[in-house]
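Take a look at the letters that make up each chain.
4 protein chains.
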Amino acid sequence: MDFTFGRVLKVTLFGQSHAPAVGVVIDGLPAGIAVDFNELEAFMRRRAPGQSAHVTPRREADTPEFVAGLVGGVTCGAPLTAVIRNTDTRPGDYEALADVPRPGHADYTAYVKYGSSRDTRGGGQFSGRLTAPLCVAGGVCLQILRREGVDIAARLTRVGETPASSGDEAMLDTVEKARQDGDSVGGVVECTARGVPPGLGGPLFGGMESRLAAAVFAIPAVKGVEFGNGFACAALTGSENNDAFAPDGGKVVTLTNNHGGVLGGITSGMPLVFRAAFKPTPSIAKVQKSVSLSRMEQTDITVTGRHDPCVALRAAPCVEAAAALVIYDAILETRGR
Amino acid sequence: MDFTFGRVLKVTLFGQSHAPAVGVVIDGLPAGIAVDFNELEAFMRRRAPGQSAHVTPRREADTPEFVAGLVGGVTCGAPLTAVIRNTDTRPGDYEALADVPRPGHADYTAYVKYGSSRDTRGGGQFSGRLTAPLCVAGGVCLQILRREGVDIAARLTRVGETPASSGDEAMLDTVEKARQDGDSVGGVVECTARGVPPGLGGPLFGGMESRLAAAVFAIPAVKGVEFGNGFACAALTGSENNDAFAPDGGKVVTLTNNHGGVLGGITSGMPLVFRAAFKPTPSIAKVQKSVSLSRMEQTDITVTGRHDPCVALRAAPCVEAAAALVIYDAILETRGR
Amino acid sequence: MDFTFGRVLKVTLFGQSHAPAVGVVIDGLPAGIAVDFNELEAFMRRRAPGQSAHVTPRREADTPEFVAGLVGGVTCGAPLTAVIRNTDTRPGDYEALADVPRPGHADYTAYVKYGSSRDTRGGGQFSGRLTAPLCVAGGVCLQILRREGVDIAARLTRVGETPASSGDEAMLDTVEKARQDGDSVGGVVECTARGVPPGLGGPLFGGMESRLAAAVFAIPAVKGVEFGNGFACAALTGSENNDAFAPDGGKVVTLTNNHGGVLGGITSGMPLVFRAAFKPTPSIAKVQKSVSLSRMEQTDITVTGRHDPCVALRAAPCVEAAAALVIYDAILETRGR
Amino acid sequence: MDFTFGRVLKVTLFGQSHAPAVGVVIDGLPAGIAVDFNELEAFMRRRAPGQSAHVTPRREADTPEFVAGLVGGVTCGAPLTAVIRNTDTRPGDYEALADVPRPGHADYTAYVKYGSSRDTRGGGQFSGRLTAPLCVAGGVCLQILRREGVDIAARLTRVGETPASSGDEAMLDTVEKARQDGDSVGGVVECTARGVPPGLGGPLFGGMESRLAAAVFAIPAVKGVEFGNGFACAALTGSENNDAFAPDGGKVVTLTNNHGGVLGGITSGMPLVFRAAFKPTPSIAKVQKSVSLSRMEQTDITVTGRHDPCVALRAAPCVEAAAALVIYDAILETRGR
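Chains as they are written, first to last, in numbering that gives the first Met the number 0: chain A, 0 to 336; chain B, 0 to 336; chain C, 0 to 336; chain D, 0 to 336.
Just so you know, not all the hints are guaranteed correct.
[Unchecked claim] Capping the alpha-carbon separation at 30 Å, the derived lysine-lysine pairs in DSS-like fashion look like this: (1) D:Lys285 x C:Lys250; (2) A:Lys285 x B:Lys250; (3) A:Lys176 x A:Lys285; (4) D:Lys250 x C:Lys250.
For the record, the hints were derived by calculation from the structure and aren't laboratory data.
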């Protein structure tokens with residue numbers, strides 16, 4: 000059940016980096032929803048590799064084939080199912096990794112969990128490649144949400160030590176510098192959902208923070224998630240941190256948004272805001288220390304192959320996708336009440 | 000399903016702050032486990048109110064009655080079920096809140112979700128009181144884990160602007176100052192689990208970060224969760240952030256622990272480390288702006304009643320409890336493979 | 000997770016026959032529903048033991064205490080939680096059973112599953128006593144359904160070789176004869192739900208037959224479940240078995256109801272009809288062959304204690320309760336679409 | 000969530016009769032299991048159409064393409080995912096059905112549930128075609144179970160009024176007669192699982208009867224499921240129905256098997272025996288009464304297209320598949336304890 004997520008909307012991912020395909024089954028979409036394939040393709044292109052010098056040159060068409068769930072481009076109640084073929088795989092790049100795990104990567108823990116049968120090619124099911132079907136599912140939900148007045152947008156707010164306030168060019172320079180050094184760099188993505196209806200979520204394990212965090216931490220390389228002012232709230236007093244309520248044309252709003260749109264696990268109707276910290280890509284060209292698992296001896300490792308120097312660069316659509324799945328799931332759940 | 004958590008170990012909480020009782024049903028514990036009631040009582044006392052000047056003077060015996068699941072103090076395979084009576088309730092304190100929601104609290108969002116039937120007494124099911132049965136469940140798991148060599152300990156690392164390095168007294172002074180000001184203050188709790196076996200968790204939605212974050216965000220007032228070096232990793236390069244592997248007496252260890260014991264969603268065998276940010280208690284004595292829901296007009300609110308000036312002070316056992324539930328659940332899940 | 004059932008409405012049972020209590024947590028009820036305690040008590044009395052010569056003389060008040068989920072007798076969105084104390088327990092009756100399992104009972108399989116820590120007193124968590132909290136949950140749902148125009152009624156259609164057409168007295172005579180012989184007898188219960196809205200359920204694992212059967216087989220002693228004409232349909236041709244559609248005042252009805260109100264797993268709006276076969280109570284006074292588990296030797300067993308000679312006699316409310324849980328759950332689920 | 004089944008082993012089906020494909024995602028298989036493709040193909044052939052005069056002449060290669068989950072034919076821990084292309088579709092056959100539902104079929108209830116967006120081609124997601132991916136998943140589990148000493152075999156025990164004791168030819172004659180009459184006929188399939196370890200399952204909703212029935216009722220056309228002597232037990236006394244225990248070389252066996260291998264929801268180690276009743280194929284050539292949904296008027300319907308005159312004929316492998324999924328799931332679940 001590691002590959003399934005959601006309550007009313009059940010999203011099941013499948014695939015490995017170098018298997019014939021990756022894909023997704025989405026169970027629980029209402030019947031009668033038109034899928035805009037052009038819009039979806041544009042969304043998928045935002046996360047696709049091979050776009051610029053700053054990202055991995057691996058090229059994937061990343062075009063999902065919808066093999067079930069549609070009649071004439073409209074959902075029919077059967078699970079919407081998409082298959083994306085893996086075309087540009089180079090398994091040879093990864094052979095040595097079977098014995099020497101890459102520091103910071105899932106190689107070692109996959110070995111402990113699955114043993115010698117694990118897929119050592121390109122990270123197997125731990126690969127960022129699995130975010131492609133995540134974006135198919137999330138991309139469809141983003142379309143539906145937009146039609147219902149919910150708009151979700153994520154953006155990079157920091158790359159390494161360069162904040163977004165320094166400008167996009169400065170952030171790309173930081174990535175480029177890391178690439179030239181045979182290194183990589185981390186980043187922070189901030190996501191804002193506007194138009195989210197109040198009343199989604201619930202107390203305790205039904206809280207939107209719990210559900211959003213569970214989805215966002217499923218994206219490879221995420222090491223922190225915070226809502227509203229997040230960790231900064233720990234330094235404040237209640238009188239500084241509390242958001243005053245005010246009437247606004249028959250609705251209740253807050254005058255500030257430190258709470259990030261969630262109170263008591265339930266959406267308040269204010270913009271839902273959260274940030275995710277992405278660690279630097281663990282696969283770097285620099286020499287690193289590791290272990291030969293077969294000989295249990297220290298050894299050096301130099302990771303070759305094609306890798307993004309900054310996964311955060313392509314992460315915004317993945318974060319939007321994760322947020323869309325949770326928010327649309329909560330909307331469907333709430334409609335039942 | 001907002002009140003149930005876990006995969007193999009299913010924990011279901013129930014109760015409201017001013018209902019006759021709160022409690023928990025724990026389904027999935029193996030048969031044959033002795034519960035140490037003294038140890039559990041000592042653990043419960045760590046979160047109990049009424050201990051010092053710094054926490055709410057509400058006094059609760061907080062003694063769970065185990066009404067099912069045991070034969071002679073040993074689990075028998077039936078769900079372990081505990082009921083904790085709510086004895087010291089003062090519903091009168093809360094009447095006014097039915098119309099004027101407290102800023103920063105769940106009052107308003109509960110109203111949106113449940114309407115006029117919601118329990119307005121003491122936060123109802125959103126109350127920190129629900130962490131008592133969470134601690135019963137977590138406390139039992141902590142006992143079992145300790146017998147299996149897993150030790151989980153959480154501690155306060157910051158209160159407001161005072162870091163733990165300033166000493167306990169400085170942190171308590173910060174709380175006391177907030178209390179005297181009719182205000183409250185936030186804090187950060189860090190949790191470390193040692194002895195966690197490698198191989199727990201899984202890729203994507205099965206990742207330990209996803210599952211731990213879902214449990215920890217269920218604790219009222221948590222606004223951020225980060226693993227290992229967390230948000231700080233965003234500022235680093237891969238060569239700085241990656242933890243080198245090394246052999247250590249037949250095992251594989253890492254020489255640093257920036258990853259916080261989880262790689263690719265799976266435990267590495269290194270200490271599992273995470274931090275949770277707690278916002279300042281929203282219930283403060285200072286005058287705040289709010290709205291009369293019946294008249295849809297701006298109004299002032301002054302929260303009376305007994306409230307902790309710093310929920311983080313009592314949060315460490317709750318964080319340990321949440322961590323224990325997830326880790327023991329993952330151990331039971333892994334044993335099946 | 001053996002003790003939790005449902006999708007939107009999550010019902011968690013707890014307790015053992017001779018634990019301090021049995022009970023239930025019902026998560027997912029809408030807020031704002033008034034519970035009619037008198038009606039519930041009347042419903043509980045239908046399954047209660049001690050009513051007549053034909054059932055076990057064990058007397059239980061069977062009065063649920065609602066410890067959470069209500070404010071002034073109305074649901075508030077928190078899980079509705081009821082505790083029923085076990086008052087009239089006689090553990091001594093069961094001591095010998097720890098070593099010699101009763102034929103037809105769960106004694107042996109509980110030993111295999113839980114080992115020596117199992118609760119050997121009165122069947123532990125396998126006891127028919129667990130149907131008391133099932134009836135609390137189902138009884139509340141029956142009330143809600145009735146207000147929505149859904150009426151569920153179950154009745155005994157056979158006791159041993161005596162069909163209902165022979166009259167109630169003949170069926171009771173059959174039970175009485177078994178009792179005097181130190182024996183027991185089986186029976187069949189038929190349940191009909193009228194007013195069920197069409198469109199509940201779904202294909203495959205979402206089918207109403209799957210969900211109803213899962214709930215009904217959870218009642219101890221059920222060995223068969225069939226819908227509509229059930230097993231008899233196997234002997235028919237399609238032209239005999241198909242139910243013709245006809246218009247009826249703007250609705251679609253069927254002229255016969257061989258399908259029992261479910262087509263393709265989805266309710267048709269026709270009465271939902273199913274039958275459950277109950278085996279004879281396994282606990283009988285007659286000498287039977289069994290095994291001493293400690294000595295692995297053949298031995299005789301004579302079951303003493305108080306046992307119903309025909310569990311089917313008291314089963315009708317349990318079957319109604321199981322049906323109500325599934326149907327109301329499906330209604331809540333469908334409302335979301 | 001209508002398309003996902005299982006606890007530890009999560010099986011998700013997708014597809015419609017006339018979509019590009021049907022298929023299955025199997026999450027939770029241990030890593031390191033070799034799939035025998037020849038054996039699987041032979042198993043799939045048992046359910047495939049187009050084999051004889053007695054079944055539908057629709058021909059499908061039914062060859063699953065495994066697009067994920069394997070490395071060199073061995074499971075790697077990622078979900079095993081198979082896609083089966085639908086090649087021989089003739090959507091034109093079904094156009095008229097959009098307005099006039101076939102009696103006994105899901106056409107009408109699908110219309111109620113999904114509205115005008117439903118897939119009216121060949122039954123959409125309600126088609127028996129979905130049993131192909133069910134058999135892929137079940138076929139893999141059958142292989143694994145066989146290696147662990149568990150053997151599952153189902154067979155037809157009745158076709159219409161012809162019992163298996165009359166011989167296969169007599170049963171096929173009954174099918175042939177129905178076909179020539181433009182009619183169809185029902186049947187009963189009995190399934191026996193030998194070598195099932197004792198101790199699988201649990202009380203209440205964890206009972207094997209509940210879980211097996213839920214899976215078997217998911218197969219289209221099943222209207223009844225019974226275990227052991229099933230409905231016949233209702234006519235017996237306890238002394239007739241109870242199965243005496245006896246020691247047998249260090250194990251405990253029962254001398255008879257009225258209980259069908261399950262006591263208290265838990266396997267006893269005796270052969271697990273159950274029967275499923277299949278209704279006659281609803282699609283028949285004879286004229287039937289139905290309703291025009293657009294005009295809400297009575298109308299006649301004659302179903303053309305290719306249909307099995309007896310679905311039970313091809314149902315045995317489907318029943319084996321359903322049983323294998325549940326039993327292997329329960330084995331994986333039990334291994335964790």
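So, going through the hints one by one against the coordinates:
| no. | hint | verdict |
| --- | --- | --- |
| 1 | D:Lys285 x C:Lys250 | holds, 25 Å |
| 2 | A:Lys285 x B:Lys250 | holds, 25 Å |
| 3 | A:Lys176 x A:Lys285 | holds, 14 Å |
| 4 | D:Lys250 x C:Lys250 | violated, 59 Å |
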